[in-house]
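Keeping the supplied structure of chain A fixed, place chains B, C and D upon it in accordance with the hints.
Those protein sequence lines, which keep their order, are chains A, B, C and D.
With full-length UniProt numbering, you'll find the first sequence wraps up at 324, consecutive numbering, no jumps.
With full-length UniProt numbering, you'll find the second sequence wraps up at 324, consecutive numbering, no jumps.
With full-length UniProt numbering, you'll find the third sequence wraps up at 324, consecutive numbering, no jumps.
With full-length UniProt numbering, you'll find the fourth sequence wraps up at 324, consecutive numbering, no jumps.
Just so you know, not all the hints are guaranteed correct.
Same chains, same names: a pair is fine if it fits in one copy or spans any two.
[What the hints assert, rightly or not] Cross-link-like lysine to any residue pairs, in silico, SDA-like; alpha carbons within 25 Å at most:
#	residue 1	residue 2
1	238	251
2	309	294
3	320	307
4	84	60
5	320	103
6	309	295
7	320	298
8	74	291
9	214	67
10	309	235
11	320	67
12	207	163
13	320	59
14	309	296
15	74	302
16	309	291
17	214	50
18	74	136
19	74	28
20	84	251
21	309	292
22	285	303
23	320	286
24	207	113
25	309	136
26	2	297
Note that these hints are calculated values from the structure, not bench results.
There are 4 protein chains.
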Amino acid sequence: MKRIAVFTSGGDAPGMNACIRAVVRGAVYHGIEVFGIRKGYNGMIAGDIFQMSSHSVSNIVQRGGTILKSARSKEFMTAEGRQKAYDQLQAHGIEGLVAIGGNGTFTGAMIFNNEYGVPTVGAPGTIDNDLYGTDYTIGFDTAVNTALDAVDRIRDTASSHDRIFFIEVMGRDSGYIAIQSGIAGGAELVMVPEVLTPLSEVVETLKQGWSRSKSSSIIVVAEGEEEGNATEIAERIKAQVDGDVDIRVTTLGHTQRGGAPTAYDRILASRLGLGALEGLIAGQKNVMAGIINNELVYTPFEDTIRLPKPINEDLLRMVKILSI
Amino acid sequence: MKRIAVFTSGGDAPGMNACIRAVVRGAVYHGIEVFGIRKGYNGMIAGDIFQMSSHSVSNIVQRGGTILKSARSKEFMTAEGRQKAYDQLQAHGIEGLVAIGGNGTFTGAMIFNNEYGVPTVGAPGTIDNDLYGTDYTIGFDTAVNTALDAVDRIRDTASSHDRIFFIEVMGRDSGYIAIQSGIAGGAELVMVPEVLTPLSEVVETLKQGWSRSKSSSIIVVAEGEEEGNATEIAERIKAQVDGDVDIRVTTLGHTQRGGAPTAYDRILASRLGLGALEGLIAGQKNVMAGIINNELVYTPFEDTIRLPKPINEDLLRMVKILSI
Amino acid sequence: MKRIAVFTSGGDAPGMNACIRAVVRGAVYHGIEVFGIRKGYNGMIAGDIFQMSSHSVSNIVQRGGTILKSARSKEFMTAEGRQKAYDQLQAHGIEGLVAIGGNGTFTGAMIFNNEYGVPTVGAPGTIDNDLYGTDYTIGFDTAVNTALDAVDRIRDTASSHDRIFFIEVMGRDSGYIAIQSGIAGGAELVMVPEVLTPLSEVVETLKQGWSRSKSSSIIVVAEGEEEGNATEIAERIKAQVDGDVDIRVTTLGHTQRGGAPTAYDRILASRLGLGALEGLIAGQKNVMAGIINNELVYTPFEDTIRLPKPINEDLLRMVKILSI
Amino acid sequence: MKRIAVFTSGGDAPGMNACIRAVVRGAVYHGIEVFGIRKGYNGMIAGDIFQMSSHSVSNIVQRGGTILKSARSKEFMTAEGRQKAYDQLQAHGIEGLVAIGGNGTFTGAMIFNNEYGVPTVGAPGTIDNDLYGTDYTIGFDTAVNTALDAVDRIRDTASSHDRIFFIEVMGRDSGYIAIQSGIAGGAELVMVPEVLTPLSEVVETLKQGWSRSKSSSIIVVAEGEEEGNATEIAERIKAQVDGDVDIRVTTLGHTQRGGAPTAYDRILASRLGLGALEGLIAGQKNVMAGIINNELVYTPFEDTIRLPKPINEDLLRMVKILSI
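Excised from the complex, chain A in its bound form (with noise of 0.2 Å):
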């Protein structure tokens, strides 16, 4: 192999940019030719490509978004947009790619591989820590320690006002954020996709925290939770609980998308990046690169996709035992 591209696609995380460098200068230390493609498979039937250097990559690890810009791609989901994205890939001689982002991201490059032979090794880029094959995405560490700074400042608003707060975070599938979130900030009670938390529990909890004089709670929902999202939640339990209670929502939103890396992020993201590197060269296509338990493996696309990531139940009753 004497050409890759690499780009970024679906949501950006933080994170990203140090995978991007990693792929970089991995490649200019095994003597192979890197371009960056931009706006993700957009960019790439577009044929927004170009030659990177160790130079491009200077002063970024420590940067949010993504310098390739990311986007969703509808042509890419077409015949004809993987046919002119082929093309380009073509005409720029490039060999094979490394693809950091998440399922739709790797579901594309499996389609892609199976009708045009590019080899793609996937790096997982996502706050959501949704993807099976890895501990954990790149972005996600930073996007708890984001949710959490939040959770602490409505601490301080809930404790000086005798307040109930539902804070309501990032995970449409995945109480990943939620849970690790609302440990760290502890919190009474976490609700998460994965584990049904009936309402009658939640308003069970607030009046175990009463009947102690707990006069503030803290209870962080995630995006997807089944019960409906932290306002609805919150108009339900006002309704159910007697007298004059005081509870607000914050929704933290794309706040928890950006922002320069943790440590971890940017180690981890350097791993898979170069980790995704030398197994494309090795000769690995259509596969995940992920770390678990502190080692690198290569997961196959289609089981990143298929399977589901279980949460561990362990932190939910952990919740329960620290809040008492």
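For chains B, C and D alone, coordinates are given in the frame of chain A:
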């Protein structure tokens, strides 16, 4: 004056603890006994009053929220409530008060003084910076930096995805947080209650940006903006621009209230706490301590309550120049 | 076991409070009485022991330092000291201990158990991550991020002035903080006690950088590096490179010990505090609770004390590739 | 005036990029061509000069350091150096300059103007806040908050171990950073170059603290303090207090120079950059733009260079009261 009390009232703001500390240590320094009242006027009515010493305020200068807790009191708006409050102060031998809060707090103090002759000096504690009689209020600088941190994070995603973001910050009657976080965050436009921004101007600004191939834009909206909240404005803009524009909305909410105060807020809070105390000792009453042009000044409550605080229109002009 | 006590000993580390909280609330959950001992073994000897409840550990999960205070005790190294300590534990009816600290702490606990039969389970609290028996110690992740924040700040100046900076981080016997903050901070070289870096290699790396017109460089040095401390190394390098090279040194020092713990450290501390407590209840003694490959494990004190913790040499290789 | 240039010179300071951005976008707004000069006077001499557009300063408002790089130039102190610089400016058709820096920078500009008639308006960029003619300099607020963050972290360890810490902050001739970070950090004492603090007073303060059973203390020392640097002072204090006092020293160093600027610094830098530019357009020369009492003012270079900036002694008084 031999014995005074301090309390916080209204919405909490970062730096209130630094202010409490300055009042308490200032009282110790001047040989005056000092008491704390918990939960604002509610605690005054309920007699939730306790003696404080230098040690009571150790290690709090860096903490958000208020160790004295805060509340908005309906009972104090009644003659019976104020009678009970006065009886409690009498029972504890308290001769004067330092009230840390906003206009609601000062209105209560003024009425109370007229009825019972208890002198109160105020210190402006509110993140909104909407009080006449001081350049800045305690908590404002921290809130601006918290909002700015969110703007910075969101810009990472906005740039990576070529998106337009509407970010709603606090400020029901005041655009101070919006203007300062907007300028500092490099926003394309800032919408504030003090100055009407027609939607046509928003559309114009976005289109001008596109014509200069600016692909991402950030618009900061104060919650009290006349055109509606950020979600409503975003909806209406979406309807007015053609094609496939990706517009998102984030509402920062209560995260802006908490967190460790900045250096500026801790110093301001210390100066105002000490200034309020020393004013009270010197015989002031029904006034708020403020800092204008770096000088300590006392402004009558009736002025802080009645007079509007003008916004610096030079700053609005600057937004336009800087986003060119 | 009906009554246990918890204490912190040795250097303080962010997350110790989260660990204390987990021990206390875990004990409450399991119906066991729990006491706190102030200032480590010194407080045990002096009888500075007090009962704790769920409420004692409210609002501390986010705080650096340790509410139980810490100390290194010379008196506990004497037979008389340990006799007094035992008498105090007897007087308070304490049947078992959770010790949060490092190898000095565990050595004391082991000797104490051998002499008096008081079972102790340890939790690894030290920023250095130099303990065998756990992947990470409590406080390490926070210290790395604090060091990284400094590296990021210094890079601003290094780039602006084309300077070379030597940054000394903590780690007397261990290069963990240096390696992780170095990789994450994009350092050109990392010097650690575990692997000798000859000065000639440092000079070579700097010259290679210049040949690629890298004008600024950052070299992270662990304080225990064999070639001397950062200032000494910088002096010697200056003597070996020709001409007008601008070399500066910054020693991060004690700032690395404090601060609000990261999410990772709070969760790790919570798991290890609970794990240590539940181990003690289950009859463990003379062991340290650790997390290896995401599983809770108990390692005998004699192993944590005796066995070296190997550094991940893959990471050192990665520094070279990434700084190309 | 049709074409101007902007450069940064002297030590870098957070906010310089925001200032460059304001100069560039202000020039675009006013229809003037704007060039950037790299590495201060060195780049002017070497002709390292390039045209800038609105897009050149996108996405830099939040970055520490300076994209134009900075340097202290020995060659510009020679007549030959200045001749070359003038020739380069002539060759590029540059009619006026905005210089972002401190007194060294302004001295050079004044001499240059006297010799060659090139008008320069300055903007005060230095973390030390030691320039007459403005209440605050660009970078000062960020440096204070960075120092404060370190003080907060160290207080965690000081409290946990009952230790005394001497923390040395930047400020060769000026105690501004020391005073502000000291008050905000709750220091027991602040030592500054402007006011002699005899060692006997330090010992007295520490002893008074102990008599009130304050077990930990923080003393902030400006690097230019007459009694010596923090390490020397700590040594001498150690010799003067009896018994087993645990005294530590931390020197914050270059971490204070970098980092994302605070909101305050970004707004100040924007106002001063625009103010300097508009002054230049209006015919000003040999003056520095400053903000005094929230008004834009222009002060002759000879005054900013010659006149001392007095320190606010009220703040020193406040340290004493607040540490009681």
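Name the hints, by number, that the structure is in violation of. Numbers 3, 4, 5, 8, 10, 18, 19, 20, 23 and 24 - these are the hints that the structure violates, sorted from lowest upward.
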